[in-house]
Each structure stands twice: as C-alpha cells, then as structure tokens.
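Asks: Chains as they are written, first to last, in this note's numbering: chain A, 1 to 311; chain B, 1001 to 1306.
Hints are computed from structural coordinates only; laboratory data are not their basis.
Heads up, a few of these hints could be off.
[Unchecked claim] Subject to a maximum C-alpha distance of 25 angstroms in a straight line, what follows is the list of computed BS3-like cross-link-like pairs (lysine-lysine):
#	chain 1	residue 1	chain 2	residue 2
1	A	K239	A	K155
2	B	K1109	A	K298
3	A	K155	A	K249
4	A	K191	B	K1109
5	A	K298	B	K1106
6	A	K191	A	K210
7	A	K122	B	K1014
8	B	K1014	A	K119
9	A	K298	B	K1110
10	A	K210	A	K155
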Amino acid sequence: MNAKDASFGKPFVPAVRRRSHLDRTLFSTIGYVSLTILAVLCIVPFILVVSSSLTEESTIVVEGYQFLPLHFSTEAYSILFKYPQQLINAYIVTIGVTAVGTFVGLFLTSMTAYVLSRKDFKWRNGFAFYFFFTTLFSGGLVPWYLLIVNYLQMKDTALALIVPMMLNVFYIIVMKSFMSSIPEAIVESAKIDGAGDFRIYAQLILPLSKPALATIGLFLALAYWNDWYNALLFVSNEKLVPLQYYLYKMLGNMDGMRKAMMSAGAVNTTSLPSEGLKMAMTVVATGPILAVYPFIQKYFVQGMTIGAVKG
Amino acid sequence: MRLRRFWDDLARYKILLLMLAPAVLFYLIFAYLPMAGIVIAFKRYDYIGGIFGSAWNGLDNFRFFFESGDAWRVTRNTALYNIAFIVVNNLLQIFAAILLFEVGGKWFKKLTQSVLFLPYFISWVVVGAIAYNLLNYDIGTVNALLRGLGLEPIDIYNTPSYWPFILVAVSAWKTLGYGTVMYLAAITGIDTEMYEAAEIDGANIFQRVMKVTIPNLYPTVIILVLLAVGNIFRGDFGMFYNMIGNNGLLFSSTDVIDTYVFRSLITSNDIGMSAAAGVFQSVLGFATIMLVNYAVRRYDRDRALF
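For reference, chain B alone in the conformation it holds in the complex (with noise of 0.2 angstroms):
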C-alpha cells in the first residue's frame, strides 16, 4: 500500500525529479562521497591501493597530528582569528552603516558606498600584491614613509606578531562594504514611526541612534554573529595563503586549519595526516553548528537555522 503510493508519487514527480537530479546528482559526488573518503584518515594512504584499498593505521595519524603541538596551535589561531573577525568587522560594518544612512547629500552616500564596496570584488590574489606593495622591506609604502620620516623600517615579514593586526585590518578592508550594506538593507527596514516618535519625544540624533536604530539592529547582528561562529573553525584559506603563503617565520602566529591541511596535502604531502586535520575540524565545526543551532532554538524558534 505505501510502496504503491510510493511509486505513485514517484510517476507524479517523474519531471521534477529529472530536473533535480544534475544537483543530486552534483553534491552526491562532490560531498557525500568525499564524505565517505574520511576512512582515509584512519589509513596509512599508498597510491596503489587509493582511498579504499590502503592499509588501515588506526588513529595513528590522529595522535601524529596532536602530538606535533600543531593541532592545538592551528585550532586557537583559526578560533581566535574568527573571534576578532566577527567583532571587529561587525562592529566597523554597523558603524559605517548607520553613518551612511543618516548623513546627508546624495552624491556623497552613493560615491562612499561605492568605493566601501571596491575591496570586495578583488580577488585575494590582488589583495596579497596590495599587500606586497605596501609591506615590502625595502622597497614598501609603509617602510618607505617610515625612512622618509627618518624612522626604522619595519621587517614586517619576518616578524610574526604584527600579523594578527594586519590579518584583522585586512579582513575588515575587505569586507566593509558587503557588511555594511547588509546592515544598511536592516536600519532602512526599521519602521519610520520609530524615528518619529523619538523626534516628537525630543530625542537628538545620538539618542535616536542608540536608542531606536541600535536595538533594532539586535536581531540581524544575532543572526550574522550566529552564522559566522558556526563557521568559527573554518580559515578563510584565500587570504591567509595569499597574504602569508609558504613563509614559515610567520606560522606561530598566521596557520590556521585550512592552510595547515593545504600544506600537509601539497607541500609535504602528508595524506593521511592531513586528512585527520581535516576531519577534525568537520567535526569541531559541526559540532560547533549543532550547538549553535540548540541555543539559538532554545532562545527563539524562529530563529534557528533549522
């Protein structure tokens, strides 16, 4: 009786369902056999035998990569990397949005959002030469203002601890004028009525901001903040590998997961522990999205992803 529905339904749907396959089809293959491929971690890889025919090696690879000290080191730089990210370019994003959206004169609002917007579209490789070029030891902007001031120029590449500040300022560059509008599209939503109440209430712009545009902000910050801690173990490989690439003087303060993964894959082409690495950190993140999600459900149904 129900497989008769079954095969019902499935005459019915015959077009949808053909039309869905190239898509099923897609991350059956691209994502759900990679995830099958995460044995490769509990193996010791050979060409020859491929992802099912090595050798297993238990958790070794495991306990190889958590014995290095690299797990713990990738792991808080990815989570604390993420944490300034999230707190820096929310804060700067906001910030620029509720200016553009109570400052005057329209040539000025379109011109300025415009050119918050131009990181965004360049590529990562773009960014690293920007970077090159304002950074270089020798012949760099920045180094070049320093001696034209009469300072010491910095060696900024082989120094590890300016990096997270770098790291950080860049990200907030790149980002800007996504976030902003993002924030933008919520303070335009906010009901009029707000504003005018506060108006005939006597509030001056300062309270009006604090007081109406800010709350009204709570819930898309929550949402934004909730979506990117969710993804709090994941690096944002483009930029990392673009702005540091294979300079191991930077390592103790710029590796995160993802380039240690790359690298371990690439470089020294260490399959299995690379995978472990990898595996690690789906678990960690999914983990970490499941726990989210639970609070946030919790909190208001609504609100949950799912």
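Extracted from the complex, chain A is given alone in its bound form (with noise of 0.2 angstroms):
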C-alpha cells in the first residue's frame, strides 16, 4: 500500500506497536477532548436554564442569566405554582393528546404495515406507492388548513391535535420493514389452522413486533408530547392549549401570562418575576422528558437503526 508495508513481515513489530501506541494516545486524546467540548456544549443550555429559573429577578435583570445562580430563589416557582390551574390543564391536554395519539397511531401503523408486509398479497406494491407518494408531493400548508379548518369543522377540537399526526409514512416502512423479517411460515401455519387475517395481525404478528412497536411508540409519543404547530394552527380555546403551545405563547406574550395570573386570582402581577418565571416554565415543560429520555433513548438508537437498513 505504501512505505509502511516493508515493515510486515519483518521483526520489527515492537516499534511499530511504539509508535502506533503514541499515534492510539494522540488520537484519544484528541478524541476525549472534542467528545468532551462538544457535550459540554450540548449540556450547557439546559444548565443555563434551570439556573436562571433558580436565579432572583433583580438578579437577572442586573447582572443577565448567568451559569450559576448567584441569588438563589425559588420565587418564579413558587408563583408558578401558585395558581396552577393552567398549567396543569396544559399537562392534561398533553397527556390525554399523546395517550390516544400513539395508542391509535401505533394500531393504525401496525395493522397497515402488516398488509404491506404479506407477501401473498397482490395489490401491496400499488398501495405502498399509494402512501409514499404522498411523501414526494403535497398539495401545501393552504389546502390542508383550508380543509381541516372548514370542511372537517375540526378547529379548537381535540381531534386536530390527534388525527393530522397519526400515521407517517416513514413509521409504516419501518415497522413494514420489520415485520417483513418474521418467518412467512408463521403465517402459514396460522393460516392452516384457521386463523383469519386480523387474528393473525393481532395474535401473532403483534407480540412478535414488541420490539417495533416500542420504538414507534416512542417516536409518535415524543413527537405529540413536543408539538405545538397543530395548537397554533386549529386551537384558540384556552382549555385546549397543550403544554409546549402554552410555553410558547408564555413566552412570547407575559401579558398574557399576568392576565392568566390575575384571572387565577393573583392581585399583585406588576412585581411578577417575568424572566425567572419564563425559565422556570421552560424547566417545568421540559422537565418530563428530560427524565425519561435516557431510559429510552436506547430504544429510539434501535429504531433508527431498523429504519437505516433499509429505507
């Protein structure tokens, strides 16, 4: 290959390991500081967050966020806290959303893919073209809203959180792609001995998939838990708003929030702490996910993996 080569064969192996042993230290070394420099940088924003969140207001105000809360309070939580009834309306609409969203989506994701994923059914091609078709072309943002809006009346309904994002695509070519490796002869002999189409979608094909249906699970509960787009676009109910919509619009708009204050029952909402009190719920609104995120980001790395073998 190049000079290197004369060194095979000859007994000169222990100063090549030398020297590959210092190229091994170099490497790593470049490796353990730029891994290093660039979680760091991954991890600094949520550090920077939950300080200011900790951090007195005139503090702030004087001094900017800074890494390390230098006048610790817990007065934007507190006030968070205090009249919570919207917030924790938001949760619930977040949780109720992202419970029916990926219970159904997850049913409607399996069963269509395990159609797809028979191969002695004939018309699967025609049909999968059907659904990646509307991956290449779409008739754009007007139509659909138009559509959503006025002909299925679905606005400031609960079912324009849920149904726009129930099925991907992409979600159904992975989970066809799996269920595609489990043995024909499973469905075989199912069929010999009687078992309709849906029994075996339901009775076999399902517990065999458990591992598929984890990781779009996971995928369809994180993307209704994190959305906000369908909330801006179909809900102007107040009761409706869900948890990163409500952050959104606290965020953008902190007479809106003193007007929620006052409503709720706070008198005094000239003195609200507004910068802490907008880094405290950026805290609360992430703070879920941040918790369950490295127990199951092994399942997403799995489900990436799945799709990445053949797309």
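Reassemble the complex: the two chains are provided individually, in unrelated frames, and hints are given to aid placement.
Replies: Here it is, written out as structure tokens:
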C-alpha cells in the first residue's frame, strides 16, 4: 500500500507497536477533548435555563442570565405553582393527546404495515406507492389548513391535535420492514390452523413485533408531547392548549401571563418575576422529557437502526 | 375474465383490505384531497365560495408572488440554509461518530452519547426559550459575558447577518446526537477484518480512519445526503418560527418558504398567494426528488428510492 508495507514480515513489530501506541494516545486525546467539548456544548444551555429559573429576578435584570444562580431564589416556581390551573390543564391536554394519539397511531401503523408486509397480498406494491407518493408531493399548507378548519370543522377540537399526526409514512415503512423479517411460515401455519387475517395480526404478529412497536410508539409519543404546531394553527380555546404551546404563548407574551395570573386570583401582577418565570416555565415544560430520556434513548437508537437498514 | 379475477381477489383480500382501509382513508383525506385543493392557487379565494366555488383569477397569485421579490428571497434562503445544514451537520456527525467508535472507556462513551442525544428530545419551543436566554440583548448570557469582559454587547435580535451562523449552529446542536447514532451504526457494521488487515499492514489509527472507516461510510453518507437534498426546498418551520417568530427585521436573512407561506396564510390572510407559494414549493420539491432519484438510478440502481 505504502512505505509501511516494508515493515510487514520483518522482526520490527515492537517498534511499530510503540509508534502506533503513540498515535493511539494522540488520537485518544483528540477524541476525549473534542467529545467533551461537544458534550458540554450540548448540555450547557440546559444548565443555564435551570440556573436562571432559580435566580432572583432583580439579579437577572441587572447581571443577565448566569451559569450559577448568584442569588438563589425559588420565587419563580412558587408563583408558577401558586395558580397552577392553566399549567395543570395544559399538562392534562398534552398527556391525553399523547396517550390517545400514540395508542391509535400505533394500532393503525402496525395494522397497515402488517398488510403491506404480507407477501401473498398481490396489491401491496400499489398500496405502498399510494402511501409513499404523499411524501413526494403535497398540496401545501393552505388546502390542508382549509380542509381541516372549513370542511372537517376540527378547529378547537382535540381531534385537530391528534388526527393530523396519527400516521406517518416513514413509520409505516420502518414497521413494515421489521414485520417482513418475521418468517412467513408463521403466517402460513396459522392460516392452515384456520386463523383469519386479523387474528394472525393481533395474536401472532403484534406480540412478535414488540421491539418495533416500542420504538415507533416512542417516536409517536415524543412527537405528540413536543407538538405545538397543530395547536398554533387550530386551537384558540384555552382549555385545549397543550404544554408546549402554552410555553410558547407565555414566552412571547408576558402580558398574557399576567392576565392568566390575574384571572386565577393573583392580586399584584406588576411585580411578577417575568424573566425567571419564563425559565421556570421552560423547565417545567421540559422536565418530564429530561427525566425519562436516558431510559428510552436506547429504543430510539434501536428504531433508527431498524430504519437505516432499508429506508 | 379479468374482471372476474378482480372480484375473486377482492373476496380473497376482503379482511386485508378492511385493515388497510383506515390508512387509505387517512391519506385520501389528509394528503390527496389537499392536492386537489391546489386549485386555490388559481382562484380569488372567498369564504362563501370555498375552495371550489370561488372565482378563477388565472396566474395572478403567482404573478404577485414573483413580482413582490419575495419568491427569490425565500427560495434562496431555503436552499442555502438546507445546503449549509447538510454539509455542517453531516461532517460534525461523522466526526463525532468516528471518535465515539474509537475512543475507549465504556462509561465515557455511554455518557457522551447520551448527552449528545439530549437536544433531540426537546421541542423547538424550548429551543426558542434557550436561544432567548442566550441571545437577549439586555439579559442574555452572551451579552452578560461580553459585558463582563468589558466589551460592547451585541444586538443579535436586530442584526440579520448573525442569523445564518446561529441557525446553522442550532441545527447542528439539535441533530448531532441523532445523526451520530446513525453513523455509529454504519461504522459498527464495517467488517472488522478490514481493520485487522489495516493493522497488519502497519496503518496507524489516523490512516485506519482515513482509509477504512471513511470510505466505508460513503454509501451511508450518499443515501442520507440524497434524502436531504430531495427536501432542499422544505424549511424546518418549527426551527425558524421559534427562533425568529414574527421579527420582521430578520426576514432578509431568515425567511424561508415555509415561514412565508404560514405568515401569508395566518397573519396577512392572503390565502391565494400563500397557496401559490405552497404550490411553487411542492413542484420544486417534487422536481428535485425526481431528479435526484434519476441520478441515483443511473449511478446505482439498488440505491434509488424508487
């Protein structure tokens, strides 16, 4: 290959080893340093937000947001939790939408993927293209929006938060490629035993697809939990505002927050710690995800590797 | 005869078709019906007439969109941002994946990978809040640091020229973990015999990475980049909207097709032109995907999308 070839077969192995050891050290140093820097960059913004949420308002206004809370204060949180109706309501909306959306979405995704994975289903390629084509071309935002608002009358209903995100072609494809790897003989033998198509799906394929179900379920759940876009478009009723959209509204609109506090019974709203409150709100809206993500991370990794095999 | 066969098949697949029905209906309603709604782009939309009852006005919506000068600006921004995202994100992800693969220490590896993945789990709203925390003129951390060093604070939210860099950095930050895992999976799939052969040939670790790992990543890089290129005219609405919102001062360097379409629809209620811009985007996107797929097919049939 190059000059190094000469060393092959000669009794100079220790020298090569020593040199490659040096390379290793240099490489490892670069590796540890770079990865540490990247990791710090990924986590520091979160530390900043948490620390700001725990800092006294006057300190923030004078000194700016700091890495460590100079003057520790839990005032922002105590105010946030003093009148928690709207926050709790937003949590309930988000939890409900996430639970229903994930469950129904998972059911429909797996059922669709199962039919497409059946090799004896003659029309499966035609239907697969029917789904796939929607990722290539679309009518755009306007017709979609008008359809949902004017024709389906979904504005200000929970359906507008759930239905548009229920199915995703990419998830169907991932699920289908997973199910295709289940031996056909299982379906065949069940058929001989007289099981119907739906029964084969529900009692045989679903239990065998648990890893794929877990992964796609998590992807769906994360998308629902983090969704604010559908609420931005379709929700004006305060009772239907999900968590992320609530945060969005509060960040852009401290007056709105004051009003909300006032209607909730707070008397003096002029002295609200608005900056600290914004960050406390961010922490509260992010908290659950941060708490569970280390545990669910490996399923995401699994899912991405399933999907990457054949996209 | 053929019709007879069709009816037989229909009977045979009865249950399977029923199981497929909800998804077929879903896409019929939420994807195919809106395609028919493209006619709005050629109409003077009014609420009484609705999509199909409104009066035609030919290509006026398109003419208005192109003559306003916005078309060129938003199209250019969308494409340039996506190109920058593709290049920067992939390079950084490959870099991190190679390091994670080679560096020892199970504990360090696991921790780093988890931390890099963290931003992926956060909603764009929270990213917007974090950006505000960092970049705000009066109390943002960046300016607090600058003041601490005795430097002039920067008015970031009023200066368009900073935003391409900020947005590229934010995109890299949010996607780093996801992409790294993707590339890490590809590296793990490389035949270990290749590494052993390189070792025997006396390759040091840098040569190993350059001559074995990176060439073996080409297929993954190509497929990921091609998928991204197919979407080059689609802006990430969540990102742009939460970072910039309706801050008109920044539009010259941050407005993309998706934010433009949204604003025309919701803020200025210009339904016809918004629809025209959306159709323009869809057609551009479709043409790009077809072109990319054609190119890939000629190069390597198996790698083509369809």
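Asks: For each hint, tell me whether it holds in the structure or not.
Replies: Against the structure, the hints come out as follows:
With a CA separation close to 13 angstroms, the supplied pair K239(A) and K155(A) stays within the 25 angstroms bound. Between K1109(B) and K298(A), the direct Cα distance comes to roughly 14 angstroms. Compliance with the 25 angstroms bound is thereby established for this hinted pair. With a C-alpha separation of about 18 angstroms, the suggested pair K155(A) and K249(A) falls inside the 25 angstroms cut-off, and the hint holds. Restraint check for K191(A) and K1109(B): not satisfied, since their Cα atoms lie roughly 47 angstroms apart, outside the 25 angstroms limit.
Only pairs whose Cα atoms come within 25 angstroms are accepted, and K298(A) paired with K1106(B) is accepted, the gap being roughly 15 angstroms. Restraint check for K191(A) and K210(A): satisfied, since their Cα atoms lie roughly 22 angstroms apart, inside the 25 angstroms limit. Distance restraint check for K122(A) and K1014(B): the Cα-Cα separation of roughly 12 angstroms lies within the 25 angstroms cut-off, and the hinted pair is therefore satisfied. The suggested pairing of K1014(B) with K119(A) holds, with an alpha-carbon distance near 16 angstroms, which does not exceed 25 angstroms.
A hinted pair counts as satisfied when its Cα atoms are at most 25 angstroms apart, and K298(A) with K1110(B) qualifies at roughly 11 angstroms. Distance restraint check for K210(A) and K155(A): the Cα-Cα separation of roughly 35 angstroms exceeds the 25 angstroms cut-off, and the hinted pair is therefore not satisfied.
Hint violations for this structure: numbers 4, 10, all remaining hints satisfied.
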